[in-house]
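Given the coordinates of chain A, work out where chain B should sit on it, guided by the hints.
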Amino acid sequence: MAVTIAPAMNAGDASADADRRPGLSLRSGKLLTGTIVFAIFAIVAIVGPFVVHTDPSALTSDTLQAPSGAHWFGTTQTGQDVFAQFIDGTRISMLVGVVAGLIATVLSVIVGLIGGYAGGIVDEVLSVLSNVFLVIPALPLVIVLAGYLPNKGALSVTIVISITGWAWGARIIRAQTLSLRKRDFIEAAKASGEGRFRILFFDIMPHLGTIIAASFLGNVIFAILTQAGIAFLGLSDVSTWSWGTMLYWAQSNNALLLNAWWWFVPPGIAIGIVGSALALMNFGIDELVNPRLRTAGIATRKSARKLQRDINRDAGASALQLDTASLPGDNAGRPGSA
Amino acid sequence: MRYLIRRILFYIVTLWAAVTLNFAIPRAMPGSPVESVLARFKGQISPHAVAAFTKLFGLGSGGIVSQYWAYLSDLLHGNLGISFSYYPSSTLSVILTSLPWTAVLIGVSTVISFVIGTVLGILAGWRRKFWLDMMLPVTTFLGSIPFFWFGLLAAFLLAYRLHAFPLSGAVDSTTLIAFNGTFLASAAYHAILPAGTIVVSSIGGWMLGMRNMMVTTQAEDYVLMAEAKGLSPRRIMMSYAARNAILPSLATFAMSLGFVVSGAILVEIVFSYPGLGYVLFQAVTNDDFPLMQGVFLMITLAVLAANFLADLAYVALDPRTRATN
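Taken in order, these protein sequences are the chains called A and B.
One point on numbering: in numbering that gives the first Met the number 0, the residue at position 198 of the first sequence is 197, and numbering is uninterrupted.
One point on numbering: in numbering that gives the first Met the number 0, the residue at position 5 of the second sequence is 4, and numbering is uninterrupted.
In case anyone wonders, no lab produced these hints; they're calculated from the structure.
Careful, some of the hints might be misleading.
Listed below are the simulated SDA-like cross-link pairs for lysine to any residue, each with C-alpha atoms no more than 20 Å apart in a straight line [as the list claims (entries may be wrong)]: (1) A:151 to B:284; (2) A:189 to A:178; (3) A:181 to A:116; (4) A:29 to B:135; (5) A:151 to B:26; (6) A:29 to B:140; (7) B:228 to B:218; (8) A:151 to B:27; (9) A:29 to B:141; (10) A:29 to B:134; (11) A:151 to B:285; (12) A:151 to B:25; (13) A:29 to B:25; (14) A:151 to B:286; (15) A:29 to B:136; (16) A:151 to B:24.
The shape of chain A in the complex, shown without the other chains:
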């Protein structure tokens, strides 16, 4: 039996590589830094409200105080403590970000895997669906959806964000699935009579580990930014604190004209830091998958080029010109929405 072994280096190999050598991921400074920073915010989100006892909504007579020892981030026009709002808001912002990111990623995996593996008309329909969701600007759609919501709580907002945020990941996962489905081990699995479900989720999906992780991180950034945008517009429940609601109150109370920079600066910086941490983790993962982003390429030039050709060819069959060689960067560099 003459089996030609494709020399293509693809994400499947790279992720398998990473699986075998977990030490490699720790050696990436970017991944480590990003993880630590993100973990700090996660801890603040979890334990913060238990440690800081100041009621973020309590009105006091200390109005419009600049940051001081008593009020670390100053106070608002009605004497509310900005630091307490910030700590309290971290919880909703992080929770909505992570949960919406998770749901969106599950959707991307389902759509991407099924489309990439099934091929034919199923793939065509799912591809067009993801591309439609990519092209339609997300925020106006989210605004229209949120505008009609009878209940504007965190859960509704999470669902709305997940529905609009899955398409990018689905495209990336589909492209990788396409390049995996003709590989020998999948053919072998088919020949041994494994069911489709098992092939998809136990044979193919483990090889998409890093890609799925990267699209999860991208989805979390998207979700945090979108939540901030929705809340800033007053489309979420404005009585629950989140970074976006802080900005909403700052804007509607003219914090700008009151010279109260401490009111609107902290939430924005926090969003920037969390976003950067996620992006750093994403870069770290990219570098694992695509070693050429690390330093000048040496050994893998030829094989990487072949991968690019393969994927270009596969993508040519879909409705959209897609260059997967740029995908890792694509994902990390996708501009925020808010």
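Showing chain B alone in chain A's frame:
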């Protein structure tokens, strides 16, 4: 040609999807937004608007299919209903008044940021060391903060503190809207801050994409050959590596436009810039559902049009898409 035809078909499908989403969202949402909104107006709404509203939501008689046809035919006739917040103006006229502001603001700033980002990306991909040490942390952070927050900061520092730029609006309140020097100068002056915000916040994304494509093309044999021929590094960079790297970047441009537009909408709100984003905000705060939906459709249409332009540029740059077979 086949490429363009396929793209046009895709846009038609997308437009249909957007139009249908617009039809389905009010009907699929739990509860009845119509009644809650009518209740909120407490009889202070004209019978005319009630009729328009009822029609918009398809509260009238007929099954879902006939409602859908009626909705499509209304759309084709440009009938988007009556706006509540700008009553008695029609939704369409409100949208058409604000569209040019958005089109110019977002169009110009996106093109500027794409061009600068691409050039920086070429340089960064070519001189890898510089990129890693200097640019990555800065662009990552800039790319991660919300556009609108950056706008708030810019407004605070440059407009409120330094008085270098106007804080809000699109022209001086005393300037008449006319096609003359005074108006254009005032409009340009007012647009600097919002446009600058959009450029600075979105530049990193283009830059990163271009940089990664440059890294990929540099490993190609034709770059090696160009080096072997002894061409100047500058020529190799621009005519060999960048020329090929820009194609995927352009394809990403089309995809990413939706994200940029989303961010720009919020920037308009920060600066009270009278474009579609600001109108959308007015619509949201006033529960003006017809206007909200109309703006959504118009923004989608504009993004599709911009995508089409990007496709034309792609066809012009990539001879392979012009293959006739």
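Now for the hints, and whether the structure bears them out:
Restraint check for residue 151 of chain A and residue 284 of chain B: satisfied, since their Cα atoms lie roughly 14 Å apart, inside the 20 Å limit. Annotation: proposed proximity of residue 189 of chain A to residue 178 of chain A holds, straight-line Cα distance about 16 Å (limit 20 Å). At roughly 9 Å between alpha-carbon atoms, residue 181 of chain A and residue 116 of chain A fall within 20 Å of each other, so this suggested pair holds. Annotation: proposed proximity of residue 29 of chain A to residue 135 of chain B holds, straight-line Cα distance about 11 Å (limit 20 Å).
Taking the CA atoms of residue 151 of chain A and residue 26 of chain B, the gap is near 18 Å; set against the 20 Å cutoff, the hint holds. For the hint pairing residue 29 of chain A with residue 140 of chain B, the CA-to-CA distance comes to about 14 Å; that is within 20 Å, so the pair holds. A C-alpha spacing of about 16 Å is found between residue 228 of chain B and residue 218 of chain B, which places the hinted pair at or below 20 Å, so the restraint holds. A C-alpha spacing of about 16 Å is found between residue 151 of chain A and residue 27 of chain B, which places the hinted pair at or below 20 Å, so the restraint holds.
The hinted pair formed by residue 29 of chain A and residue 141 of chain B meets the criterion: a straight-line CA distance of about 17 Å does not exceed 20 Å. At roughly 14 Å between alpha-carbon atoms, residue 29 of chain A and residue 134 of chain B fall within 20 Å of each other, so this suggested pair holds. Distance restraint check for residue 151 of chain A and residue 285 of chain B: the Cα-Cα separation of roughly 16 Å lies within the 20 Å cut-off, and the hinted pair is therefore satisfied. A C-alpha spacing of about 15 Å is found between residue 151 of chain A and residue 25 of chain B, which places the hinted pair at or below 20 Å, so the restraint holds.
Between residue 29 of chain A and residue 25 of chain B the alpha-carbon distance is near 45 Å, which puts this suggested pair outside the 20 Å criterion. Restraint check for residue 151 of chain A and residue 286 of chain B: the C-alpha separation of about 14 Å stays at or below 20 Å, so the hint holds. For the hint pairing residue 29 of chain A with residue 136 of chain B, the CA-to-CA distance comes to about 10 Å; that is within 20 Å, so the pair holds. For the hint linking residue 151 of chain A to residue 24 of chain B, the alpha-carbon distance of about 16 Å falls within 20 Å, and the restraint holds.
The structure is inconsistent with hint 13 alone, although it conforms to all the rest.
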